[in-house]
Amino acid sequence: MNLRMILAGSMLLGVLALAGSIDRPLVAAAAEAPERASFDAALVAKGAELAAIGNCRSCHTQPGGAPFAGGLPLSTPFGTIHSTNITPDPDTGIGRWTGEDFLRAMHEGVDRAGRHLYPAFPYDHFTRMSALDVAAIYAFIMTRDPIRAEVPANRLRLPAGFRPAIAVWKALYFEPGEYRPDASRSATWNRGAYLVEGLAHCGACHTPRSALGGEIKRQDLGGGEAERWHASSLTETSPAPVPWSADALYDYLRRGHEQRHGIAAGPMAPVAHNLSGAAEDDVRAIAVYVASRMQRPASAPAAAADAVIASARERETDAASRVTSKNAASAVDGADVFAGACAGCHGAGPASPSAAPVALGLTTSVNAPDSRNAIHIVLEGLWPEPGAKGALMPGFAGELTDGQVIALIDYLRARFTDRPAWTDAPERVKEIRQAMQSEP
Amino acid sequence: MIELNINGRTHAIDADPNTPLLYVLRDHLALSGAKFGCGLGQCGACTVMVDGQATFSCLTPISVLPGRRIKTVEGLGTIEQPGPLQRAFIDEQAAQCGYCIAGMIMRAQALLEKNPSPSEAEIRRHMMPNLCRCGTHMRILRAVRRAAERMRVAAAHEAKPSDS
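Chains as they are written, first to last, in this note's numbering: chain A, 1 to 440; chain B, 1001 to 1164.
Please note that the accuracy of each hint is not assured.
Stated by the list, open to error - Listed below are the simulated BS3-like cross-link pairs for lysine-lysine, each with C-alpha atoms no more than 27 Å apart in a straight line: (1) B:Lys1035 - B:Lys1114; (2) B:Lys1114 - A:Lys430; (3) B:Lys1114 - B:Lys1160; (4) A:Lys389 - B:Lys1035; (5) A:Lys389 - A:Lys46.
The set of hints was computed from the structure by calculation and includes no laboratory data.
Construct the entire structure; sequences and hints are all you get.
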């Protein structure tokens, strides 16, 4: 660790000296951005579908704000960065950007003025896209309503606050270049891989990152984090008790829920919501590729999956399988909390025609390597995306004290899975509560 | 026996620890402001406050409540002297059938205690979990805004004499 830090530090200093010179100048400064009416309608429509896969809207829109007008604060280990206004407003957005400027930003991580862009904008993925797909997204973005909106200044700690330092980051982690197809695989698989590695930038959350914020390539899609949520592994280390199939993934990505795995929650909820508007074939290609990445060496036969489902259903209904998890600090029994607060919906028999929860033993959150996602859902509940239909679970932040949440979380793990107990719940509950209070 | 602190008074309750608070309020204590709507935490008719937070009483077993402060709509005022939110709901005639109103008032109370000058967006986001089947949402929102304003004026009034 020490060695690594010294190495990183000396590289940082060395490359900083060069950094200024790596900044690129304006390309074709005289060129004008095309007129709005000049874009081909078919290209704009294709761009709309691709932008849904890129989830552009989620980061480039504030809650309740105009779409793509930016300003969303993103907290990173290096400070707070605000997403930019990418509407075609000439002064505060990207209205003066040519197609060439836009392609350079997507492929090389450089803005129109030639400054390096922060990798919170995942150009390390977008660089894999074809110039044609980038042109379609450009056509879509440039035909949105221009919104005049200044974005608040970033609050970053040094050296990240010093923009040329990004050159160092790029030298370490950025490998430009378009996706190269694997000839031994199907066209669908290759389309999926192209989208997952590129535009959909799944690895930005689902791949673990180093101390300097670069994706650790040898653990590609091996499980990372996003906004204090755990982003599940999309490889053979996936915690899902029933192995994901391409069909199940398609349903999950397209509809935001899948009866044998769970409901898209937290930062994944808007991703699934956006994918409901993407091209069906592209979502299917993503599902095929991710399912292939998840395949375990000795693939479990279908009969095994049925047994897992049967066992999960039994645990759901069998009151005799009650496990006590007395939490010493609060002297609370998680089983009591569950019986009083949860079993109305998550119990024997359907509580009402409208409540059909996923069996808890099958959910990724209860089987996950840490307790974060389960705590998020217990405290905050599950809410459909604005204007969309979907699962609704109330949050229990007001009902339950920290000690009661911890007892409940430990109980869920013990009753619904055979996995080792979580030990991180006390600190996670505190962290998540704090975050809920600071961003209500 | 489980001891519950409700509207500042302590009650000893003889009931199964898994009993929802809502049943105890209505059946044991005759505090029938909070209503049973869905029993699943999806409608908000049963909303009360626990330690200052709006809470679905239908999903809250009494076992988790000892040592905590519970407030119901009965704790905000009386028929003769309604509290600011109750007054505002009357003034705006925000109730049609009235079934959701106790829950609406308690959810709004939790907001105004924490944030005396909420924006329109904050009010709407906060009130989202509570449903009204009659469709009086616009009046309910007006009542919340009116109560907030009145509470701000009252607070400023109270603060003034000590300043001068």
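Numbers of unmet hints, in rising order: none
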